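Got chain D sorted already, so can you dock chains F and Y onto it with the hints?
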Amino acid sequence: MHRKSELLPRQTHWITVGILVALAFFPCLNPGEFLIDVTFMLFHYAYLALCWNLISGFAGQFSLGHAAYYGVGAYTAGVLFMRFRLTPWLGMLLGPMLAAALALAIGYPTFRLRYHYYALASLALAEVMRLIFLSWDYIGGAYGIWYEPVLRYSWIDFQFTADHRVYHYIMFAMLCGALLLTWKIRHSDFGLRLMALRDDEEAAKSLSINTLTNKLAIAAISAGLTAMAGVVYAQFALFIEPDSTMSIWVTMDMLLPAMLGGLGITYGPVIGAFILIPISWALRTFIGSTLQVVIRGVILMLLVAFMPDGLLQVVINRITRPALIRR
Amino acid sequence: MLIQVILNAFFLGAIYSLVSIGLTLIWGTMKIINFSHGSLMMVSMYISFWLWFIIDLDPLISIFIIFPLMYGIGYLFQRFIVMPILEAERHAQLLMTFGLMLVIKNTVLYVWRADYRIILPFYADLFFRIGEIVFDAPRVIAFTAAIAFSIGLHFFMTKTSIGMAIRAVAQDSEAASAMGINVYRIYGITCGLGTAFAGVAGVLISTYYPVHPDVGTAFMFMAFVIIVLGSMGNYLGAIVAGLIIGVTEGITAYLLSSSLRQAVAFIVFILTLLLKPEGLFRRVLRR
Amino acid sequence: MALNNVSFGIDKGKIVGLIGPNGSGKTTLLDVVNNFLDKNGGKVYFNGEDVTDLAPHKLAYKGIGRTFQVSRVFEKMTVLENLLSVPAKGLSSDAKFQRAKDLLETTGLVPVIYEYAKNLSGGQKKLLELSRALMLDPDLMMMDEPFAGVDPAMLDRLIDLVENLNKMGKTFLIIEHNIALIHRLCNRVIVLDEGEVIAEGRPEDIQHNTRVIEAYLG
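Residue numbers (the working numbering), protein chains in the order written: chain D, 4 to 330; chain F, 623 to 909; chain Y, 754 to 971.
Just so you know, these hints were derived from the structure itself, not from any lab.
Note that the structure is predicted; figures quoted are calculated from it, not measured.
Mixed in with the good hints, there may be bad ones.
Said to hold, decoys possible - Simulated coverage check for chain F against chain D, where a stretch passes if three residues somewhere in it have a Cβ under 8 angstroms from a Cβ of chain D: (1) 709-723; (2) 760-772; (3) 777-791; (4) 889-896.
As the list claims (entries may be wrong) - Selected chain Y positions facing chain D (in silico; Cβ < 10 angstroms): (5) Ala813; (6) Phe827; (7) Lys829; (8) Ser838; (9) Pro840; (10) Leu914.
We put the beta carbon where it would ideally sit given N, CA and C, even for glycine.
In isolation and in its complexed conformation, chain D is listed as follows:
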């Protein structure tokens, strides 16, 4: 017998990898900046969904305010560059640290209680931060931070307005990193402990699993990774403001793909993102951003009602129906 349990057929692995690689090398076809931005965003949201899935899908601690960490990352980069003239790459270090600290700060009091409290606290965190940043003039307030573009192509300043393909590749690298990390965690003892405490916290405790430290660990990791994406976004958009980085629909953008694709499944969020993001854009273009949120809220409710564990989980359930004869 082998140790790892591979429940999804090999084909799904290859299909996902295939799509990813194809998209990665897409820029070689010289498709133009708009389409490069599209692939960048696809990778971006897939990455974010993966980060969210780490704490919510694997550990079962639902974060409804993950946007807070995203905003922390973005603003760290923005403030470092615009206020202190420091390279935004520093933000890739500082941002995650701050985000992790925040995650620990709200995790510690709430992880010892029922999971609702963490959900509430995370939601509150994002909202409070958004409101504070809106009136914090030192870092832009409601006006936000507008970057002064430097050279059109600069690694030290983390700006590549001349060639968006760099952003594309950076995001692809990050996505691969996140995917790998997720996979490693999923198949490690740490991952097993997380899923155990998700499935039944008291039973996990009775097996000597320290649920608090495990939850804190994954919360910090998830927050830190999310912040890194925030940094990249700041450098890509060259403009950040509280509403586009820390509001509820930013969290929704992370949450929905993961829920659609498969909670607690390694590349569920990626598949969910690839399906959902094009749909969101189409919606946004044709029916406006407010109605689009309404539709996505409805989608969320329908998902919860009929496919609470996501698409891939439905696939797995089909495959692993109680079998009389084992393979």
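For chains F and Y alone, coordinates are given in the frame of chain D:
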């Protein structure tokens, strides 16, 4: 002017209490957090506005329409949204009401835009003074009504059989069921009642607060803090905690800055969870 | 259900039964020992150490294992994953896998090793829960109605397992209703009624204790 601030904040606190009562009762019986609670309150604010705007109906009268309307909505909410997922995955309940909140809030935003609307009841300019302190008619009336409803609820919960049934279910739904109480019917009644109270709170606040899609979220947030402080499931605790939070928030806004008011509430929230997660009014949580 | 002034000791290497009418507080007692519930002034000693205020996971680490009345397996994980999720006290990865393998063989769960736990039958879940708890290699195993709803074939297997583990030095505290099983397994029995200990002794003696009979009938 601190006393004035405290007074007005105290009046506002009573409205917070009303909103929180519904939330804490729903949690107490069904063990779910209704994220859409605030948005339902916001909807009743809009209904109150439109009734005033179109047919000149004073908000205080529209309570008689809104209470049963919101009760009905709450009951339907329980039947069609909560019931199917009561036994489901735990995150289902969380996300279902979260999704509903998004749908309601953004539908309102889409239909009625983001303009701030105000109701000017005929008593908007009335006031009386005691020395330096001004007592605004709308605030006083809203406060009085809120307190009246709270007292009414207390009588309901302690003197009527339905009220006692609700308390029984909140304490131990299995035991209550064993005693012959139709638990599902109680769920429906609790949800209806809770939403109705949120509706009343919405109407009362609309007499002096601007009507806007975001208002629901702001009150909802306060309600979270209040129900934790006042012990989840404890409606009396919610009433007291509502007043406490209202005053705290008012003082902070006055002494520091208005934008920090939410931050303070958040800090109170975190501190409560750290130091006394079971709230001020007992019911110790399991470790 | 509250407990009132319950006090007892368990000797190492014994199998102690805990019986009593429904609602007498048996599960509550286990929950209190495990520290899932507050003790309100009571104390718990394990191997000479005061473990009253230890968090549940630390207690488990010290060597107290637990199974539950309704088996609480990790539904969304496979049988193997259920076992491997238990932190290994100083075991290498290979040794841990070997222990899991052995436990699965002993309990006969090898055919379903890659099944999602939620697809198992009730009896299989009980076996899974037990083998999972045994991954800890606990000195004391507290079991809450482990034999309820298990079919006869698996029942024998379970009982053999308990007896073998006992011979190897493990101590057991078992909540059970089945008198025949109590007689077969337990050296000593503690009887609870309405939160109080009303009798203690050998199974044969308890059977004829009038207070006990009244508790069950009255």
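Verification of the supplied hints:
1. 709-723: holds (count 12)
2. 760-772: violated (count 0)
3. 777-791: violated (count 0)
4. 889-896: holds (count 4)
5. Ala813: Nearest chain D Cβ about 4 angstroms off; hint holds.
6. Phe827: holds, 4 angstroms
7. Lys829: Hint on Y/Lys829: holds, closest Cβ of chain D at ~6 angstroms, below 10 angstroms.
8. Ser838: holds, 4 angstroms
9. Pro840: Status holds, d = 6 angstroms.
10. Leu914: violated, 18 angstroms
The structure fails hints 2, 3 and 10 (numbered hints given earlier, in ascending order).
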